[in-house]
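2 protein chains.
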Amino acid sequence: MTDIFVKNGFVLTMTGEGVGMIEDGAVAIVGNEIVAVGKTGDLVKEYGEAERVFDAKGKAVLPGFVDAHVHTSNTIKRGMGQDVPEIEWMLKTAAPFTPYTTPEHSIKGTALGVLEEIMSGTTCIGEIGGDMAPVAERVFAPSGVRAQLSNTINEIGPGSRPDARKPYIFFEDVGERKLREAIDLIDTWHGAVGGRITCMFSPHAADMMSGEMLLRVKEEANSRGMMSHIHVAQGGREAIQIDLRFGTTTVRYLDGIGFLDDTIIAAHCHQTTDEEVGILADRGVRYVSCPASIGIIDGITPPLALYLQLGGKSAAIGSDQANGNNSHNMLVEMKVAALLNKTRHRDPTVLPAWKMLRIATIEGAETIGLGDSIGSLEPGKKADLILLNLKVPHMTPVLSRPVRNIAPNIVYSARGDEVETVIIDGKVVMENREILTMDEAKVIEEAQKAAEEVCNAATEDYMNADSHLAKMARRGLL
Amino acid sequence: MTDIFVKNGFVLTMTGEGVGMIEDGAVAIVGNEIVAVGKTGDLVKEYGEAERVFDAKGKAVLPGFVDAHVHTSNTIKRGMGQDVPEIEWMLKTAAPFTPYTTPEHSIKGTALGVLEEIMSGTTCIGEIGGDMAPVAERVFAPSGVRAQLSNTINEIGPGSRPDARKPYIFFEDVGERKLREAIDLIDTWHGAVGGRITCMFSPHAADMMSGEMLLRVKEEANSRGMMSHIHVAQGGREAIQIDLRFGTTTVRYLDGIGFLDDTIIAAHCHQTTDEEVGILADRGVRYVSCPASIGIIDGITPPLALYLQLGGKSAAIGSDQANGNNSHNMLVEMKVAALLNKTRHRDPTVLPAWKMLRIATIEGAETIGLGDSIGSLEPGKKADLILLNLKVPHMTPVLSRPVRNIAPNIVYSARGDEVETVIIDGKVVMENREILTMDEAKVIEEAQKAAEEVCNAATEDYMNADSHLAKMARRGLL
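Protein sequences, first through last, are from chains Z and X. For the first sequence, this note's numbering begins at 71 and goes up steadily by one. For the second sequence, this note's numbering begins at 71 and goes up steadily by one.
FYI, nobody ran anything at the bench for these hints, they're computed from the structure. Quick caveat, the model's predicted, so the values are computed rather than measured. It is possible that some hints are incorrect.
One copy or any two copies: either way a pair holds, since identical chains are not told apart in the list.
Unchecked claim - Here are the simulated DSSO-like cross-link-like pairs (lysine-lysine), alpha carbons at most 30 Å apart as the crow flies: (1) LYS109 <-> LYS461; (2) LYS497 <-> LYS461; (3) LYS519 <-> LYS109; (4) LYS383 <-> LYS541.
Just chain Z, with the same shape it has in the complex:
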């Protein structure tokens, strides 16, 4: 018996070289797997009598988006850090709130972020954070979203960073503890809820730990056939540290110690020369680019198109965090990514719509090691797909010949609310914009309360830090 049959849609399978469009297409699902994809007419006889039938006439059907680098716990801090000098973002807009943010607050933030992701079409989240076990249990598992979780490992403890102009002091015991917790997370959650949750390792960044620990984490990952997701060359503070310790740059340092290969997922990489991006590409390193976040926080376009031009193996994009981006919305992220890269290269042909859609789906999945199970619509893959309404003013007209405008309009005009129905791992998670796995109003209310608690507690510290943002508020500009 077929569980779900989606019919009559413009199906963007993401197979082949491009978007792999099937007009009047259908997708049949049994359990959590896709069993058939093709023309509706060819499939309706065998699969048409499904438990649930979705008529996708006038809709696009495509793999859900892979948001490959995300810190959803920060979603309660949406709009709390932007438009400030790069040096202030961490120190003056984020740090004042950190001591007052409890694990419970972070869980409320994660719930809000996951809700926002699903409602704008993301079906797989690559989440990185300090302690993923509680959010795995309380948010990721019940939400129905696919997630790839990793605990950050570093050797930073209280007193590690007395002075940004001196090398950080590393604590081996902190590193040991975080590595152990990361392995615990993997032991408990990798492959959980029917394989919907997977895990990997996440050495924090080259400036946050010794070279020995970096390599040890990589070995732990490789011994399990896993990858390591690391922040690379993410700004001025890191550059100063690596220069102080090794007299070189992050990429050259990591290359020198033999860290860079195709089991490494490097996030950001915006504090790089073109030659360094070439080194990453040559070593087979996978790349997650966070264009809107880094554009807002650093005023830099990360080298997504450049990495691909230099032969990079596989790239994804990520929405990063809400104090910075300020949204987790892959549809807007695709437009921003394409535009920032077009203007960086002064070339409008850079990152065309079909390529952006692939990066946000199948290539994103491949980048984080899930390309065999998700990212495209084909038999044997997990059933992660979204139905996107094209019968709205901003997606009209819908044309197939001679112009094919559906993919370009998804990338350049869709913005989230066209996503009507979301199916993840064969389960209907959102239907007609009603989220079925979470209590939307409650998630909003609890996140609001958590944010207010953190803000109230941190008021004095925040005002004392006196960021540009605090000054704007004081001047009455905001």
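Place chain X on chain Z using the hints.
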């Protein structure tokens, strides 16, 4: 008797230097005018018994957006021109369809574009096109949107452009006819429907007409106390023409003939040196920047922040057209504008959220000469305002102290569907996302049909032109 009372909202008045926020604010409207703005508690006694009361609790209330440079007739061509080399955009993606696009098709496109604009919070459209009288009557007047219309004037006729490497041939009679039609439009429509529709002059571009005609149009405008809205330095073809004819650049040519002053609204200006942007700023020229459109079509970030840094008088943004942008959505446009300019200057403090909101409202209105009547919420101004729902996942949390995150989240996270209610000229044009002045389904259906007719008729020409876009379709990428 008060006609409309909006209460309990976060009112962004756009008065003063920044967003002019009033918490728990209210706006009272009589006829088409705002009569009072203040704290709800201060106004409720005098105005609370209005004909219509909108409770804006949990919502932002702000002036509707001014989309200052738009060609809505192209909205039926959404997604028909992007990701191609700059030289192809006009010649190979737009031109093949032009001979088959009837005035009736264009009217359907305009209706679609206006619908999209209103539904994403735009209340004033600066529309430029070949023949505005029919769309004024059939779309702009009945839609309820505020519009500032101008007919483009040029001296281009059949046979004017036999060869891009030779100077275009100008036809004086064409110029005379278009100037006459532009004046007719003004005589008929300037100040029509209670002043909701206004007009100005629009000399097309420096490469499309003689210097004599440029100056004559400007004089006609000035003699009526009107401004002239002109495309300036909009790309390679224009640069070649101006160089062929005058051996210089557009800005220097226009400056040399005394064209540049504060009655000129210059659109685009992306084919410019920093020094030339300085000349525009020095002469008091007003600037409309179309970041997403020019980013997609030309791969260039237009110099919005630079113009302001160099002391430019007044700037607006515009969504331009749907074969290129591919949307008319000022909320996404603000995020794109800020990000492109931050990365152009490698400075995250460039164009902060409060400034982007001002550019999209009060400063946009000032730029196109409507600053006395719209763009802010204060007594005596026309009642053009929108209610934006903040109780959605992607706008949560809503914070006033110590962080004020409403303006940043409107700019960086809102994307259109939060706009619940739109009031223009004192009339409720959209309520709870239901558009009251247009038949949404019919507009979509008719635009779809118009687009299909144009596509069908132009198929052979389009395939023969063989743009990169046509090649992508042929390769199955789209």
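Now the hints, each set against the structure:
Taking the shortest alpha-carbon separations for LYS109 and LYS461, only the intra-copy value of 21 Å comes in at or below 30 Å, while the best inter-copy value is 40 Å. In the homo-oligomer, the alpha carbons of LYS497 and LYS461 lie at most 30 Å apart both inside one protomer (25 Å) and across protomers (27 Å), since each shortest distance falls under that limit. Taking the closest pair of Cα atoms, LYS519 and LYS109 come within 30 Å of each other only across two copies (24 Å); inside a single copy the shortest separation is 48 Å, beyond that limit. Taking the closest pair of Cα atoms, LYS383 and LYS541 come within 30 Å of each other only across two copies (25 Å); inside a single copy the shortest separation is 44 Å, beyond that limit.
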